[in-house]
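Enquirer: Construct the entire structure; sequences and hints are all you get.
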Amino acid sequence: GAAAQKAAEARGSFRNHHLGDDWRSFTGVINNCFARLLITLCLLSVGLLIASVLLSHSVMESKLEALQCHFTWDLEPSISKLLQLKEKLEDIGSEEGYSWLGHIYNLQGYIHHQLGFTDEARSFFNKSAEAFRQMRNAVSDTGPWLVVNYGNRAWLHHLQGEQAESQAYLAKVDALTEEHPSPSQEELHPEIYAEQAWTLMKFGPDQKLLAVEYFQRAIRMQPDMREWHSSHILVLVSAFNHSNPAMMDSIFEKMKIALRHDPENLFLAALHVEARARNRKQIQDEVRELARRLLKKSVSSYSGIKVILRLYRMYVSFDEAIDLAEEVLERHPEQRYAKKCAAVCYSKKILQDKHLRLEHSLISRAIALCREVISLYPHSSLKCRIALANVYGHLKRRHEADEVYDQLLESQLDPEQAQMLYWYYARYAHLVQRDSSKSIEYYMRAAVIPLKSVYRDKSLQILERIQEQKQNPRCGEIEMFLAQLQL
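Quick note, the sequence shown lines up with residues 1 to 487 if you use my numbering.
Wrong hints could be hidden among the right ones.
Pairs of lysine-lysine residues, derived as DSS-like cross-links and limited to a Cα-Cα distance of at most 25 Å, are as follows [unchecked claim]: (1) Lys438 / Lys88; (2) Lys88 / Lys452; (3) Lys438 / Lys86; (4) Lys127 / Lys172; (5) Lys88 / Lys63; (6) Lys88 / Lys296; (7) Lys452 / Lys208; (8) Lys88 / Lys281; (9) Lys348 / Lys383.
Label pairs and their computed distance ranges (CB to CB) [as the list claims (entries may be wrong)]: (10) His355 / Ser411: 30 to 38 Å; (11) Glu403 / Asn472: 25 to 33 Å; (12) Asp141 / Lys88: 28 to 36 Å; (13) Ala168 / Gln412: 34 to 42 Å; (14) Ala368 / Leu431: 19 to 27 Å; (15) Gln412 / Lys281: 21 to 29 Å; (16) Asp119 / Gly476: 55 to 63 Å; (17) Pro223 / Gly476: 52 to 60 Å.
Hints are computed from structural coordinates only; laboratory data are not their basis. Backbone N, C-alpha and C define an ideal beta-carbon position, used for all residues, glycine too.
Expert: Given below as structure tokens:
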């Protein structure tokens, strides 16, 4: 009996032992499955979260790309172009109440961001919004003129990784466009067209043609904005003055309308007088009246000084042009744009003198002004550098002229700048160096750059004339070159 009892106990122990093992094995499987399930659920949650983030990011990117602002207008300027624009915008002036001040600050903000100056970009965008409020007499942060500014700020925050702030400005843009819809469902709001047009007119020939179109759309929908009429004329003159002189009659009629809207605009008035001079009108008295008005104004690139001094040189006299430039400088001695305009007058005075009967003081003043202007415009003084080289060449100071041109030819220039430089250097090689082969070489270099400009057109005209005369040893080469350009 004892043995049987022990055997039963052993069997029970064995059974319990195996039941325990089975239970532990079962719970282990359950725990393992549960752990796997948890891991799967976690991975699924993470995946859904990532997908949600990616979707949210994609939606945000789409919204940003749909904005109307400098970051979406395909401006794509080179670094050199950005630096030139920065200096040119500084010359426009920032008098309180100036019509384009908000647009100037917006473009400056974009330029500074592209150049890597984020804090300065924020500051300019803030200034732009404040300038718009003052100019539009707005007491709140509403108005269609702020759509571009808010779009710029949304992009700036996004590019800095500040997504919450970017979303906030996207919401502000949505609210503005809902509150201030365009008068035409098929077109943008006129305020957006006007700002885009004003921005594009600061860039190349193709952008200027777009600017003409956008100003026309803005004016058609909102015809009471005088600064839009005036800037429309400025870009028309800039776009067609050289490339299509036949359009000037049509532009002249538009000028008269714009002047009725903006009679105090001296820049526009000077262009109107210049257009009348082309029609062989006697304008000397009008030019002198423009000068009297100019002396009462502050100096900027929009004050009309450049055109008025050009009118003096062409229709009054070089000497009186220089006198006027010096009087402006006397009243505004720290204005670098006034110095730039004076340097142009002096250099052109020297270059038009065929007998070199110039006073030493005038020559010294011309060279000193050119050098100062070059130092004041480190990124946008190419024309002044070329003028200085040509002055040296005209004065038989070949070594100094060659030195300036050599430095320019070795510098990094964008295609537009290079085309202009090659044209001037081709003329210099012909007139001063007496090297016709080098001259032809640089006319070709100017012509081969596929940018429509007065420098390319003139280079092609000279090459065609040389080829037609059949006297230069390179006529065959020129003929092949011109044929290839037409392909």
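Enquirer: Against this structure, judge whether each hint is valid.
Expert: Here's how the hints hold up against the structure:
Of the pairs offered as hints, the one joining Lys438 and Lys88 is violated, with about 33 Å between alpha carbons and a cut-off of 25 Å exceeded. With a C-alpha separation of about 22 Å, the suggested pair Lys88 and Lys452 falls inside the 25 Å cut-off, and the hint holds. Under the criterion of a C-alpha separation no larger than 25 Å, the hint pairing Lys438 with Lys86 is inconsistent with the structure, at around 35 Å. At most 25 Å may separate the alpha-carbon atoms for a hinted pair to count; Lys127 and Lys172 meet this at roughly 18 Å.
For a cut-off of 25 Å, the pair hint linking Lys88 to Lys63 is broken: about 32 Å separates their Cα positions. With a C-alpha separation of about 23 Å, the suggested pair Lys88 and Lys296 falls inside the 25 Å cut-off, and the hint holds. Of the pairs offered as hints, the one joining Lys452 and Lys208 holds, with about 12 Å between alpha carbons and a cut-off of 25 Å not exceeded. A distance of roughly 33 Å separates the Cα atoms of Lys88 and Lys281; the hinted pair therefore is violated under the 25 Å criterion.
Taken as a hint, the Lys348 and Lys383 pair is honoured in the structure, with Cα atoms around 12 Å apart against an allowance of 25 Å. Separation of His355 from Ser411 is about 34 Å and conforms to the stated range, judged on CB atoms against 30 to 38 Å. Against the hinted window of 25 to 33 Å, the Cβ-Cβ separation of Glu403 and Asn472 comes to about 28 Å, which satisfies the hint. Between Asp141 and Lys88 the C-beta distance comes to about 30 Å, which sits within the given range of 28 to 36 Å.
One distance hint, 34 to 42 Å for the beta-carbon pair Ala168 and Gln412, holds here, with the actual separation near 40 Å. As the Cβ distance of Ala368 to Leu431 is approximately 24 Å, the hint placing it in 19 to 27 Å holds. The given range of 21 to 29 Å is broken by Gln412 and Lys281, whose C-beta atoms sit roughly 45 Å from each other. Asp119 and Gly476 have their C-beta atoms about 59 Å apart, which keeps the hinted 55 to 63 Å range intact.
Between Pro223 and Gly476 the beta carbons are some 58 Å apart, a value that agrees with the proposed interval 52 to 60 Å.
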